[in-house]
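J.: Got two chains here, separate frames each, mind docking them using the hints?
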Amino acid sequence: AQSVTQPDIHITVSEGASLELRCNYSYGATPYLFWYVQSPGQGLQLLLKYFSGDTLVQGIKGFEAEFKRSQSSFNLRKPSVHWSDAAEYFCAVANSGGSNYKLTFGKGTLLTVNP
Amino acid sequence: DTEVTQTPKHLVMGMTNKKSLKCEQHMGHRAMYWYKQKAKKPPELMFVYSYEKLSINESVPSRFSPECPNSSLLNLHLHALQPEDSALYLCASRSGLAGNNEQFFGPGTRLTVL
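Here the protein sequences line up with chains V and G, keeping their order. If you use the working numbering, the first sequence corresponds to residues 1 to 115, in order. If you use the working numbering, the second sequence corresponds to residues 1 to 114, in order.
To be clear, the hints were calculated from the coordinates, so they are not data collected in a lab. Source: prediction; values computed, not measured. You may find that some hints are simply not true.
Stated by the list, open to error - FRET-style restraints, in silico, Cβ to Cβ: (1) V:K68 with G:E84: 34 to 42 Å; (2) G:E44 with V:Q71: 43 to 51 Å; (3) V:S96 with G:E67: 26 to 34 Å; (4) V:R22 with G:S62: 20 to 28 Å; (5) G:E102 with V:Q71: 20 to 28 Å.
Stated by the list, open to error - Derived lysine to aspartate or glutamate pairs resembling EDC-like cross-links, with alpha carbons at most 16 Å apart: (6) G:K22 with G:E52; (7) V:K61 with V:E20; (8) G:K41 with V:D8; (9) G:K36 with G:E58; (10) G:K40 with V:E88; (11) G:K38 with G:E84; (12) G:K38 with V:E88; (13) G:K53 with G:E67; (14) G:K41 with V:E88; (15) V:K49 with G:E102; (16) V:K102 with G:E102; (17) V:K102 with G:E24; (18) G:K19 with G:E67; (19) G:K40 with V:D8; (20) V:K68 with V:E88; (21) V:K102 with G:E58; (22) V:K107 with V:E88; (23) V:K61 with V:E15; (24) V:K107 with G:E44; (25) V:K49 with V:E64; (26) G:K22 with G:E3.
To be verified - Beyond 10 Å from chain V on every Cβ pair, some chain G residues (computed): (27) M13; (28) G14; (29) M15; (30) N17; (31) K19; (32) S20; (33) M27; (34) G28; (35) P61; (36) R63; (37) F64; (38) H79; (39) A80; (40) Q82.
C-beta atoms are modelled at their ideal positions from N, C-alpha and C, and glycine is treated no differently.
Isolated chain G, as found in the complex (with noise of 0.2 Å):
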């Protein structure tokens, strides 16, 4: 299984809403990571997790939370967000060995703030 997979491909939300997004991965990959992509832009990294500890925080809103219950599940919280954070919202793995630096992609899920 070399599949990275994300819950819900789309969500709505209002400003006053919580929500959760999810990503999921079975490859025994050590190290999770959350992009943000706004449109015809690049993927902007979030945050990093790395043997299910928070290693990086790009100065991130605390309006976003993320956690990694364990190895395998990595979820972003969702409050009181603003309209400008509707975005696609990536989420990858890597497999966290010394010299294995490939990131493997799931494939988003679509955010729309109100």
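Okay, chain V solo, but in the shape it has when bound (with noise of 0.2 Å):
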């Protein structure tokens, strides 16, 4: 079965200062891999996916992440925070597909900025 770890549950950073968000998963074959983020009440949107190829994605709002097989991880970062991407942000892996096809998502990592 697979499985996503976000090691941590809250971060807080200053506004103009640099972001990376860890996320861990475990699934068996080539996963597929997403970033998303939730401001409150608000429904989830995507940032960015990891499918195949550049190891190396870039995603809306100027946020990256970079898949590391080796270490079974898809981090997050983006080089200067905004009071705006105060948010949770969730790490998500999707097994290979079909009418089988399924979801996973970690627990969260809530972002705090401060001025």
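T.: Shown next as structure tokens:
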């Protein structure tokens, strides 16, 4: 069974500082990996995704993530955080698809941005 | 159109009421999903419809009854809910084609059960 671990429950950074949110996954085959962001009371917005190819993927809002198979990681980064980035971030892994497709989420990391 | 819409945005109901949540997409997706999300928790999968047939039921209580009338529409019928069922209910869709594994989420319905 697939699983996702986000080791950091809550991270606080200052506006303008760099950010890295950690994500480790467990899946036997090639994973499909995602980062979603959720503002309070809102739905989930896809930041970026990795299916195959270049292991460094660019997303929206200046985010990027790097897939490292050897470390089973898919960490999210941003060079300079803005106050509007404060939100809950979920890493997720999907299996190979078909009618049994399943998306499994990590427990999330809450990002607080100090002015 | 790359949007999943959900109605209503907010719903307050008593434990004896019957209500329905609606989800719609016009992307031609053939897989649709219901998730339940409690505060400060990740979404939990409830049901999956693939090509309008129920393919996964994650042992959800029978007071939740899903329905997929056509490929664009997904309903969740609610009856005799409990206060602990109060949550954000998210709908999602996916193309269903091999190799296309991105889910598109709707904004959710915030349900409060009194």
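J.: Using the C-beta atoms of K68 (chain V) and E84 (chain G), is the stated range 34 to 42 Å upheld?
T.: holds, 39 Å
J.: Keeping to a limit of 16 Å between CA atoms, is the pair of K53 (chain G) and E67 (chain G) held or broken?
T.: Holds: K53 (chain G) and E67 (chain G) sit about 9 Å apart, inside 16 Å.
J.: Kindly confirm whether 43 to 51 Å is satisfied by the beta carbon distance between E44 (chain G) and Q71 (chain V).
T.: Given about 27 Å between the Cβ atoms, the range is violated.
J.: Would you say N17 (chain G) is clear of chain V, with no C-beta pair closer than or equal to 10 Å?
T.: holds, 23 Å
J.: Taking 16 Å as the top limit, are the C-alpha atoms of K107 (chain V) and E88 (chain V) close enough?
T.: holds, 10 Å
J.: So M15 (chain G) supposedly isn't at the interface. Is its beta-carbon more than 10 Å from every beta-carbon in chain V?
T.: holds, 24 Å
J.: Beyond 10 Å on every Cβ pair: is that true for Q82 (chain G) relative to chain V?
T.: Given a closest Cβ separation of 22 Å, the condition holds.
J.: Does G28 (chain G) sit more than 10 Å from chain V, CB to CB?
T.: Its Cβ never comes within 10 Å of chain V, the nearest being 17 Å, so this holds.
J.: If I claimed the Cβ atoms of R22 (chain V) and S62 (chain G) lie 20 to 28 Å apart, would that claim hold in this structure?
T.: violated, 39 Å
J.: Does the structure keep K102 (chain V) and E102 (chain G) at a Cα separation of 16 Å or less?
T.: Distance ~11 Å between K102 (chain V) and E102 (chain G) Cα, so the pair holds.
J.: Under the criterion that the straight-line Cα-Cα distance not exceed 16 Å, is the pair K49 (chain V), E64 (chain V) satisfied?
T.: holds, 10 Å
J.: Quick check for students: does the CB of K19 (chain G) sit more than 10 Å from each CB in chain V?
T.: holds, 20 Å
The structure shown violates the earlier hints numbered 2, 4, 17 and 20.
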